[in-house]
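Protein chains in written order, with UniProt numbering: chain A, 1 to 86; chain B, 1 to 86; chain C, 1 to 86; chain D, 1 to 86; chain E, 1 to 86; chain F, 1 to 86.
Keep in mind that the hints were calculated from the coordinates and are not lab data. Do not rely on the hints blindly, as some may be mistaken.
Same chains, same label: a pair holds when it works inside one copy or across any pair of copies.
Subject to a maximum C-alpha distance of 25 angstroms in a straight line, what follows is the list of computed DMTMM-like cross-link-like pairs (lysine to aspartate or glutamate) [what the hints assert, rightly or not]:
#, residue 1, residue 2
1, Lys61, Glu77
2, Lys36, Glu15
3, Lys36, Asp49
4, Lys61, Glu45
5, Lys36, Glu26
6, Lys61, Glu26
7, Lys61, Asp35
8, Lys36, Glu63
9, Lys61, Asp49
6 protein chains.
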Amino acid sequence: MPIIEMHLMTGRTVEQKRRVVAAVAEATATALGVDKNTVRILITEHGLDEFAVAGVTAGQKAEMAAAAAATAAGASEAAAKAKSTT
Amino acid sequence: MPIIEMHLMTGRTVEQKRRVVAAVAEATATALGVDKNTVRILITEHGLDEFAVAGVTAGQKAEMAAAAAATAAGASEAAAKAKSTT
Amino acid sequence: MPIIEMHLMTGRTVEQKRRVVAAVAEATATALGVDKNTVRILITEHGLDEFAVAGVTAGQKAEMAAAAAATAAGASEAAAKAKSTT
Amino acid sequence: MPIIEMHLMTGRTVEQKRRVVAAVAEATATALGVDKNTVRILITEHGLDEFAVAGVTAGQKAEMAAAAAATAAGASEAAAKAKSTT
Amino acid sequence: MPIIEMHLMTGRTVEQKRRVVAAVAEATATALGVDKNTVRILITEHGLDEFAVAGVTAGQKAEMAAAAAATAAGASEAAAKAKSTT
Amino acid sequence: MPIIEMHLMTGRTVEQKRRVVAAVAEATATALGVDKNTVRILITEHGLDEFAVAGVTAGQKAEMAAAAAATAAGASEAAAKAKSTT
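All chains, please: the whole structure from these sequences, using the hints.
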């Protein structure tokens with residue numbers, strides 16, 4: 001029977017999906033000693049705001065990281081400016 | 001572990017999704033006494049004809065409600081016309 | 001309770017989805033002797049490269065079938081040409 | 001492909017499970033026009049406190065119904081007693 | 001994210017489960033180029049009458065196979081008896 | 001609609017399950033602005049060797065932790081013995 005549902009973030013290429021189902025079917029059949037033909041895999045993709053860890057979506061986390069990077073960049077730019085004017 | 005799959009009708013805003021996963025993660029962690037970082041939430045959205053109660057999809061139900069409203073509107077319009085012509 | 005999740009290949013018409021959920025809800029309620037109103041059905045659609053049997057996606061299988069058909073067509077065309085020139 | 005996951009309350013007999021999967025496979029194959037051999041069904045059973053509507057589990061609901069019945073029985077018994085003593 | 005749900009027939013040993021999740025996590029991480037620590041796997045086991053192909057449960061199929069084997073054994077026994085008495 | 005599937009480690013008490021579904025239904029209804037009666041929650045429990053992070057089941061992890069603790073205890077006991085004999 002093995003029926004496997006894989007939840008992935010959207011954005012994988014067709015090539016990646018084909019590679020991962022081939023690898024997982026092979027791994028499952030070998031580890032359980034079953035015929036690979038009995039292994040079925042379903043992929044469901046989830047957008048950035050459809051997956052959350054600790055109540056924070058991947059979309060929010062990306063925004064926060066971008067904001068932090070912008071702040072850091074602004075700070076170092078300001079620091080560089082301050083340095084150059086002294 | 002808590003891993004939570006939420007099935008929602010399509011159409012929620014990013015804001016709503018962020019709000020609901022934050023609230024559910026908080027509620028789960030508090031009720032079970034687990035670290036919020038262990039809570040993962042997956043949202044899957046379903047279109048109007050991908051959810052059914054009693055064998056009738058949400059799309060069908062909406063159409064039937066619209067048809068009933070149109071019939072009722074037509075009837076009251078006809079009644080109003082009948083009244084004004086008497 | 002019966003809550004039923006149906007995984008289908010993408011491409012079904014709205015009409016087909018309505019027909020299948022009506023039939024499945026009826027079948028479930030009758031077979032289990034429960035009120036049809038308690039039956040809820042969720043449909044999730046999967047693209048050609050989001051479903052795999054034996055580690056080969058439906059998309060790959062379709063490509064291989066098309067390639068085999070093209071090869072066969074080419075072969076019979078070549079055979080026909082060979083025949084006509086003799 | 002159709003792959004169907006059925007969530008049921010625990011307590012169905014083997015006979016009921018066999019009947020429902022036969023009926024659902026037949027209904028699905030007919031409604032979608034697919035070969036019945038492509039239909040796979042998975043049943044997952046949930047205990048009384050593993051299913052909730054409106055945040056109240058089936059187990060709680062049963063307890064509340066039993067308590068209400070006991071109260072009603074007690075009340076009518078008290079009423080009968082009061083009546084017989086007058 | 002990869003979150004993977006594996007549906008297996010009941011009866012696998014702890015050793016088999018550990019082997020299959022190790023192999024699948026490794027295969028997934030390698031094929032997608034993600035950190036293995038992000039891969040989470042959930043196993044759900046299904047009894048013989050909780051999995052059906054073409055509307056026939058694995059339990060029914062096993063019974064039918066046993067019955068067919070018994071019939072075949074009976075037939076060859078009868079044939080052997082017939083032969084020995086001639 | 002919200003239909004929510006919660007995957008938990010086995011071992012939660014009935015009390016904990018009732019508490020978590022009440023809290024999650026409340027949180028979901030409030031965050032999405034839907035009637036709590038439309039929220040359905042399914043709990044599925046997974047044993048120690050039916051959940052894995054990075055390909056290591058919770059059962060394996062517990063065994064490794066116990067082994068490490070035993071080694072550490074043995075080491076400190078040996079150290080204490082060594083000390084007392086000097």
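Going down the list of hints, with the structure as the test:
Within a single copy, Lys61 and Glu77 get their C-alpha atoms as close as 24 angstroms, which meets the 25 angstroms cut-off; across copies the closest is 46 angstroms, which misses it. Both within a single protomer and between protomers do Lys36 and Glu15 lie at most 25 angstroms apart by alpha-carbon distance, with minima of 20 angstroms and 20 angstroms respectively. Proximity of Lys36 to Asp49 under the C-alpha cut-off of 25 angstroms is restricted to the inter-copy arrangement: shortest distance 18 angstroms between copies versus 34 angstroms within a copy. Proximity of Lys61 and Glu45 under a CA criterion of 25 angstroms is satisfied in both settings, with 18 angstroms inside one chain copy and 21 angstroms between copies.
In the homo-oligomer, the alpha carbons of Lys36 and Glu26 lie at most 25 angstroms apart both inside one protomer (7 angstroms) and across protomers (18 angstroms), since each shortest distance falls under that limit. In this assembly of identical chains, Lys61 and Glu26 lie within 25 angstroms of each other by CA distance solely across copies; the values are 17 angstroms between and 34 angstroms within a copy. Taking the closest pair of Cα atoms, Lys61 and Asp35 come within 25 angstroms of each other only across two copies (18 angstroms); inside a single copy the shortest separation is 41 angstroms, beyond that limit. In this homomeric assembly, Lys36 and Glu63 come within 25 angstroms of each other (Cα to Cα) only across copies, at 20 angstroms, whereas the closest approach inside a single copy is 42 angstroms.
Proximity of Lys61 to Asp49 under the C-alpha cut-off of 25 angstroms is restricted to the intra-copy arrangement: shortest distance 10 angstroms within a copy versus 28 angstroms between copies.
Of the numbered hints given earlier, the model fails none.
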